[in-house]
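Undergrad: Listed in order, the protein sequences are those of chains A and B. Residue numbers for the first sequence follow the numbering used here, beginning at 337 and rising by one. Residue numbers for the second sequence follow the numbering used here, beginning at 12 and rising by one.
Rather than coming from a laboratory, the hints here were simulated on the basis of the structure.
The list that follows gives simulated cross-link-like pairs (lysine-lysine, BS3-like), each with its CA atoms no further than 30 Å apart:
| # | chain 1 | residue 1 | chain 2 | residue 2 |
| --- | --- | --- | --- | --- |
| 1 | B | 61 | A | 394 |
| 2 | B | 85 | A | 394 |
| 3 | B | 85 | A | 546 |
| 4 | A | 390 | B | 90 |
| 5 | B | 184 | A | 463 |
| 6 | B | 45 | A | 546 |
| 7 | B | 90 | A | 392 |
| 8 | A | 422 | B | 90 |
| 9 | B | 188 | A | 463 |
| 10 | B | 61 | A | 546 |
| 11 | B | 82 | A | 463 |
| 12 | A | 390 | B | 61 |
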Amino acid sequence: MNLFELSELVRLDESWKKCTGKGVCIAVIDSGIDASHPKLQGKVVESVEAIVEKDKIKILPSSFTDATGHGTACAGIIVSIAPDVKLHSIKVLGATGANDGRALLAGIEYAIRKRIRLINLSIGTTKPQYFAPLHDLLDKAYQAGCVIVAAANNLPYPSYPSVFSSSLISVRRSEETDPFKFGFHYGETIELTAPGVNINTTWLDGGYRKLTGNSFACPHIVGIIALLLEKFPDLTPFQVKTLLYSIARQNQAREREFI
Amino acid sequence: MSNLEDKLRYVIETLDIANVMMEPFINSLQKALKAAASELRAEGASILVKENDSGDLYFLLAIGEVADKLKGMKVPSGKGIAGFVFSSGQPIAVSDVSQEPTFYKEIDETTGYTTQTILATPLRHNEEIIGVLEFVNRVGSPPYEPFTSDEMDRASMFAEIIASLVNTYESLKTFYKFGEKLLENYDKKDFEEVRNWLSLIRSSPEHTQMLELSMLVRELSSQGEIEKQLCRDLLEVLLKYSKSKQSLF
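Chain A with its partners taken away, still in its complex shape:
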């Protein structure tokens, strides 16, 4: 099936929306995931952490906890759309970590090395020294077939890697509440828009929070991609982007008709 046919199929046959993300592995590169949360129990299959050792960053096994709640919030959004995915928590932010671009690079590299198909990156760096290494790493991910979805930074300055629109999917928040009605911003660095305002999701200590930010729009798209990957397991990152664009265009056309 060529890409055009695939796009048409996904647009016409919406059975992929009934998928649950079964068999899809997702890396959440963030502050960790609290795997004991009732909504996340049994879904986090691995937890590692970026640790500084003799000025070098190492990825080592970690407790299944979260330093801030942010990673748990992202994980909760993903499983609310794709409840049967397997989550890999890669902690690069937190009280004990390096908390810098080096940890972010190490985390992405680890996920690519493990060939985790889908990567949620609701964080970024504004430091230009990480521009080139991140760019190289994202190219590697693209070639390895890993789909990276990053939260856009709609601040008055660039944030990496969300500006690398060619090799990843960049997402910003919208007021939309239905995760399937995501949209796009054609011609801008920010490609897709997804729910990211007052999102009720999992937090620390088994709790819930209502959160706003591009950080929370990103896992919505990750959840959607997990459904598509279950239905079409051999999709390449390019095909995933094309399908998302096709669905977003259809969503926006429907919205215009409705208006």
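With the hints as your guide, set chain B onto chain A.
TA: Here is chain B on its own, set in the frame of chain A:
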């Protein structure tokens, strides 16, 4: 001794000018913070800045009900919403923190304040995140309406202006601290003698005149961009002329 005296005199002048210059920056920060809080209808707002040695965030300035208690308090590196925003570079708004007993426990327990809704955005200067700008609760009575997506965008615009002021303020503070450290070393050698000498320098008409001049420039600059530019142009011309003539009078 003359060489040492000259050096010390220079340090004192620098310190006092830095001190004089720091005040207007704090005033500007206070004004910018008040304007931002008013625009976002927030009850309180604060500026947290990274402490160089520990990486903790400390409250540089705050407005609102518990502003005085917050000033100088610290959020440990990587902790809480502020810590996350600082290290991730992503702005976040949380609608209902009061439902979470562990949220911001240390700060709220110390101040006696109840944070219900919060908006935090990074402060960035020269590609570095230098701190966090936070807005808490709304003006009026609870329950508070959560901060909106549009307000999040507006907050990041205020953060741009505030970050630039914070950076200048912090640079002056570093300068001031450095000067103080230099003086501390002299104090240890002969405390009384240096103290008397300092007092003499600071009460001298030359020193007072120099501070008055600094304050005059500061006041003129605060009138607006045109005045600031005019002031700079005039002083540069004057300096050039003075150098070429050795002395005007």
